[in-house]
Amino acid sequence: MGKTRAYAVSKGKLTRATLETAVKLRGTPGTIIWVDIEDPTKKELQFLQTKFKFHPLAVEDAGNTRQRCKVEEYGDFVFIVLRVFQKERCDATQLNFFLDGNLLVTVHFKCVEAVEEVARELEKNPALLERGPDFLAYQMIDLAVDDMFPHLDEVEDQIDKFEDRMLKATSPDEIRCTLGQLFALKKRNLTIRKIVWPMRDVLTVLTHRDYKFVRPENAVYFRDVYDHMLRITDMTEMNREVLSASMEAYLAVISNNLNLAMKKLAAIAAIFAVPMLISSIYGMNFHFMPELEDVYGFYIAIGAMILAVSLTFLFFRTNKWI
Amino acid sequence: MGKTRAYAVSKGKLTRATLETAVKLRGTPGTIIWVDIEDPTKKELQFLQTKFKFHPLAVEDAGNTRQRCKVEEYGDFVFIVLRVFQKERCDATQLNFFLDGNLLVTVHFKCVEAVEEVARELEKNPALLERGPDFLAYQMIDLAVDDMFPHLDEVEDQIDKFEDRMLKATSPDEIRCTLGQLFALKKRNLTIRKIVWPMRDVLTVLTHRDYKFVRPENAVYFRDVYDHMLRITDMTEMNREVLSASMEAYLAVISNNLNLAMKKLAAIAAIFAVPMLISSIYGMNFHFMPELEDVYGFYIAIGAMILAVSLTFLFFRTNKWI
Amino acid sequence: MGKTRAYAVSKGKLTRATLETAVKLRGTPGTIIWVDIEDPTKKELQFLQTKFKFHPLAVEDAGNTRQRCKVEEYGDFVFIVLRVFQKERCDATQLNFFLDGNLLVTVHFKCVEAVEEVARELEKNPALLERGPDFLAYQMIDLAVDDMFPHLDEVEDQIDKFEDRMLKATSPDEIRCTLGQLFALKKRNLTIRKIVWPMRDVLTVLTHRDYKFVRPENAVYFRDVYDHMLRITDMTEMNREVLSASMEAYLAVISNNLNLAMKKLAAIAAIFAVPMLISSIYGMNFHFMPELEDVYGFYIAIGAMILAVSLTFLFFRTNKWI
Amino acid sequence: MGKTRAYAVSKGKLTRATLETAVKLRGTPGTIIWVDIEDPTKKELQFLQTKFKFHPLAVEDAGNTRQRCKVEEYGDFVFIVLRVFQKERCDATQLNFFLDGNLLVTVHFKCVEAVEEVARELEKNPALLERGPDFLAYQMIDLAVDDMFPHLDEVEDQIDKFEDRMLKATSPDEIRCTLGQLFALKKRNLTIRKIVWPMRDVLTVLTHRDYKFVRPENAVYFRDVYDHMLRITDMTEMNREVLSASMEAYLAVISNNLNLAMKKLAAIAAIFAVPMLISSIYGMNFHFMPELEDVYGFYIAIGAMILAVSLTFLFFRTNKWI
Amino acid sequence: MGKTRAYAVSKGKLTRATLETAVKLRGTPGTIIWVDIEDPTKKELQFLQTKFKFHPLAVEDAGNTRQRCKVEEYGDFVFIVLRVFQKERCDATQLNFFLDGNLLVTVHFKCVEAVEEVARELEKNPALLERGPDFLAYQMIDLAVDDMFPHLDEVEDQIDKFEDRMLKATSPDEIRCTLGQLFALKKRNLTIRKIVWPMRDVLTVLTHRDYKFVRPENAVYFRDVYDHMLRITDMTEMNREVLSASMEAYLAVISNNLNLAMKKLAAIAAIFAVPMLISSIYGMNFHFMPELEDVYGFYIAIGAMILAVSLTFLFFRTNKWI
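Chains as they are written, first to last, in my numbering: chain A, 3 to 324; chain B, 3 to 324; chain C, 3 to 324; chain D, 3 to 324; chain E, 3 to 324.
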């Protein structure tokens, strides 16, 4: 059996329970139960189906880590699958909720920070569970959603830093490195979007449809998480557009750098062309080339070369090629 | 306590109040109250929750500057979050409204010009408040929305100027500078869009849903702001498309400039290639090169060079490479 | 007072009226009135509000040239804002309609051809007004919409011409010019789209919602304009896609031209490299270079050069670089 | 009068009629009539309005070849405008239907193959018309839609062929030609989409709305054409995406070719640079250059040149520049 | 007759049947029948229409391999067309279902693995068919959908591998090869999307609409397949965006490589330009060039050349051109 814990609250008193006692307590009026199963064994999943009477399909989905975010209403309970963002690996882990009027069962394979925090909170303040299992679920979802903000801020910061560097980078190696970073940022943002959008759909459903297991006084809290979710999707969309614009602009910067190099090359070629031709002409072996015997011929030739170089140089300066 | 002010109007008479007196006056029939809290302290936020009986979530949102624009209906009041564009920093600041039949509470962290203007107006003309707290809210939103037009016009002007310069810029440094500006314009427009779209959603909701705290005779005013908002979103979309087209066209311009430089380089190389070869040939040290002893040999060689240069030059002119 | 005219029709008889008489005639059963105000003065706008009893917001919008297209229903009249395309300036001018069961008031700042034409028509055939003020409004909208077709055809023609030239243009100056035209076409199409889309929204509303001031027998006419509008938006979308594809293709053409120039340059460099090296070698001043004394040395060297040039030339021809 | 024909079926007997007799037969119970007008004269259009009592707007639209696809319900008949794809000119021609319970009038300016085929079919099997005028209309639409498949298959085939060639093409002329074809394919696909999308809208309406003139037992046939239409729009969308991806990839191929040429040019320049410098050095006229008198000097210099060329060549081979 | 098999289950007993006996058994209460027809002959299709009384249009569609995915409700049965992904050919084959309360007829042209597996399952466990023909259909669809995951994982793996290689590839041949692969991946993903989207539409319809032939207890299973489908479409969309970003980034990498080559070429040209000019100058044949007689002239010239080369080399190193 993996790490499993169960809490029951009745008249403000919190007791820890096992899976078996949780099943027994379930019917007791005024008792609210939370069962958390980390890394479930096959036996535990079986237990959920046979003792808690959850639908086989829901239990199967809870035991399969490749589910998409969703809310499914089965006659006597609601089954919610969320994918919770995990900072360290820039990936998502699945968190499943089985929710009815007095019971919340959470199933997950990895340790989820939001669940741990709610558990700590609950041990301090048992009244929390008396607000309903739906309120507990809200708290976990809220923590999971709010956990994403620092990560998104980090992406935004990196984009901002990138922009500063973008217009300055000139060396091909720098460019290669910047391109790699830009692409990594793009992929990171895409990964977040992939996690965030289905989650938003789930929260839309939880907010806009009436579920009998969401108490009227708690509905407003789900609306609140939904707003945070909207803000997160806004941020990812904004990041996406900025990254797109950056890539476009960066391509233009690279093209322009190439342009610059090209024109410098053209300038170098042109600047040396005339003196080379002059010196080459005076290197011809014709017997009758009057200037050759001239005492100042050499100096005149050198002067002509300097003049040619200066003129072409000036020409390029005026045309801003150099 | 931050900068707080409260106004109460009863039978056309305006009196300034404190938070405490505002609470007391609240129930009085025929009295309409506006409370404005700038940079709220924790105590003031607490006060809103305990004395004005606003929902804890709404008060928490009002005290958190990272909210998204939204309208939330709580049983006995409407809570509106707007992000008001601030010209100087090209950013938005949050403006929160708590609105019920006789009371408007505005909460904001920065000084908001639209709020100041309505306060000045109100002191001149107390009857303004008698049209309802919803009308006061309308006035602030209207001013905040209309404040964006000059800014958008400025963006449009800059885009127009940019277009003129775009097809002319040839120097790589100019291009680099133009690219930077283009990218900055793009980001600026994106920032405005990011502020504008959720605001539009809020106004859609305010216009199309019936809220009991929006008086029927005032509904038409909210529809009017909504139309201005539509115009603003139209402008940002148009700007976006023009900027996209500009970027594309500019990339083509840069490529073409490269093309031009390339062809000039090719031309220079080709023009000098033939005379260089001729002079190089006559620089060979073979003992038997009949032309070398020719009296006019040198002049003939020079002539051949000039001819070659002229012919290649003419060729490139005809093909428009130079 | 600007240029103002008013027409009243009663039992098939058309009489010209002033603003004041129009107000008086308004209540008379069986009398239908059209008032057209060009370049309204403040007094006239005031008059619309005080005497014609139009809502202040509607009148304010009519006097503000920056309105977006819209249809607004006020209890006792419908207010329509259209932006009518003006060929000469490739821009739109605002045309406002106040419409109730027996009265049509049109307000505009510039002379609108569609309004003039309806006025001419009306003077010839007073029965036109008896079909209702909504029919008159329909006629103006229809004329305004149909006026756009020749303009759109012109854009399409220019795009077609552009395509022919696109794949042929090779000189950088031609390319620059073509790029400028392409960009201008894009902007022109964008401007039309900007005018056309909100107008389409207005016509959707006029067609699909039941307005008490649109007579059942005239509804079919509004549906007809709506279809024309759909065709116009289709055309602008099509133009947009073609222009996008053109820009992409044109960028490829430019790149390819660069490619071509590049390869020619490489060919020239390579063709001249070998003879240059040969002549340079025989220009060395070593004392012991047997071939130098050879009688045919010079001719052999020249022959080697010609051979090298021919071979490289042939090589490039086969590889299609020249 | 253009080419006009009319068919009437009563109790399984087919008779050919004229426009005039068709009008007379219209009321007879159990008689179903089809009138086909090709290239209508003004008189015929007039006839439709005055004798068949079709709404003037519908008749006007039928006589105007620039209509958009649409379905319009007039109290006592349905008016359908379709644009039928014409293979030869890769364009669409307009086909108008006036449909009521016992009558189908088709109006078109060009000869439409689908209409001809239905006419031939009808003459063989008069029972066809007894299934209702709506079934006849279905048959024409079905034939018109199915006619597009071979054309679309051809476009797909061309795209496939293009892909094979794309990665191979290297000569600038081939590239230019391939670019032209790619652009032509794009435009062809756009043209088809332009025809297909409004047609799809029409079929959506015909399938999903209940028209009293579409018999219940025939509704399933319209749903069938609608599915074919969906398949066609899927194909055009797929083509569009593949063409877009092709264009992008092709641009990359061109860039890469340029890269290749560039590196070869750099290699040629670098390979010849060293021997040129060596020979140039030994061409200097200094009096004291000891090697010049060396018997093997020349051979050593030549050897140095060959060595330099070999080394640079090897260097480029290793770096895969040649 | 192609490969045809029929199963009938009554009171837990499975019997194999022929087409003819299946028709006879159809009416028997408590008997559920599955008929599977692979590669149907015309006779068999005829049989479905005449004996099973399926609508001619549905049978025609089942016999035509170019159908689009769809669900069609005919009064007394539901007709479903799916396109099942075939791994080997990266293509889809059509699978048709005729479903009523007690009968499932599957028609397909190629061997479909999902059908085979369900047949094997059924022979082991006849109770499977007693859960209803809709459950059998669900099982086939579920298997067909789940079969796509390994394929999509493979595409994702290839994309990941590609990314690693992308930023490293430098040789033009490698680039050409990588471009080819990238384009192939894009097309593969497009093909999957083309199969997946219409299938998703079908599952949306099957999940959200109430069909009398889908038993209430089985509806939840269809919702489950639908979720898998959503996950698949999510994956293809994600792949699409990553591939798009990759293509963009790759173009930038290629441009940058060109840049690199360009700058190296410029550097080589510039490094050799100065020593060439020096040696050329001292190769001039002027009679009065004092340095020529200088004993150390040659060494000074060589030294100047080395100095020039070193300086330019250092300059380029500092500017990171080499």
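It is worth saying that the hints were derived from the structure and are not from the lab. Be aware that one or more of the hints could be misleading.
Simulated restraints on C-beta separations [said to hold, decoys possible]:
| no. | chain 1 | residue 1 | chain 2 | residue 2 | range |
| --- | --- | --- | --- | --- | --- |
| 1 | E | 31 | D | 214 | 54 to 64 Å |
| 2 | E | 292 | B | 302 | 26 to 36 Å |
| 3 | A | 151 | E | 167 | 49 to 59 Å |
| 4 | B | 317 | A | 292 | 29 to 39 Å |
| 5 | C | 214 | A | 93 | 39 to 49 Å |
| 6 | D | 115 | E | 31 | 23 to 33 Å |
| 7 | C | 52 | D | 214 | 27 to 37 Å |
| 8 | D | 89 | E | 58 | 36 to 46 Å |
| 9 | A | 203 | B | 148 | 35 to 45 Å |
| 10 | C | 236 | D | 89 | 18 to 28 Å |
| 11 | E | 13 | D | 15 | 50 to 60 Å |
| 12 | B | 166 | C | 214 | 25 to 35 Å |
| 13 | D | 55 | C | 123 | 22 to 32 Å |
Cβ atoms here follow ideal geometry from the backbone N, Cα and C, with glycine treated the same way.
Against the structure, the hints:
A beta carbon spacing of about 40 Å between residue 31 of chain E and residue 214 of chain D contradicts the range 54 to 64 Å that was offered as a hint. The given range of 26 to 36 Å is respected by residue 292 of chain E and residue 302 of chain B, whose C-beta atoms sit roughly 31 Å from each other. A hinted range of 49 to 59 Å is violated for the C-beta pair residue 151 of chain A and residue 167 of chain E, which are about 35 Å apart. Taken as a hint, the range 29 to 39 Å holds for the pair residue 317 of chain B and residue 292 of chain A, whose Cβ atoms sit roughly 33 Å apart.
The hint said 39 to 49 Å for the Cβ distance between residue 214 of chain C and residue 93 of chain A, and at roughly 59 Å that hint is violated. The given range of 23 to 33 Å is broken by residue 115 of chain D and residue 31 of chain E, whose C-beta atoms sit roughly 52 Å from each other. Roughly 51 Å separates the CB atoms of residue 52 of chain C and residue 214 of chain D, a value that falls outside the hinted 27 to 37 Å. Distance hint check: the CB atoms of residue 89 of chain D and residue 58 of chain E are about 29 Å apart, inconsistent with the given range 36 to 46 Å.
Distance hint check: the CB atoms of residue 203 of chain A and residue 148 of chain B are about 36 Å apart, consistent with the given range 35 to 45 Å. One distance hint, 18 to 28 Å for the beta-carbon pair residue 236 of chain C and residue 89 of chain D, holds here, with the actual separation near 22 Å. The hinted window of 50 to 60 Å between residue 13 of chain E and residue 15 of chain D holds, with their beta carbons roughly 57 Å apart. Checked against the hint of 25 to 35 Å, the C-beta distance between residue 166 of chain B and residue 214 of chain C comes to roughly 51 Å, which is inconsistent with it.
Between residue 55 of chain D and residue 123 of chain C the beta carbons are some 26 Å apart, a value that agrees with the proposed interval 22 to 32 Å.
Violated hints, listed in ascending order, are 1, 3, 5, 6, 7, 8, 12; each of the other numbered hints is respected by the structure.
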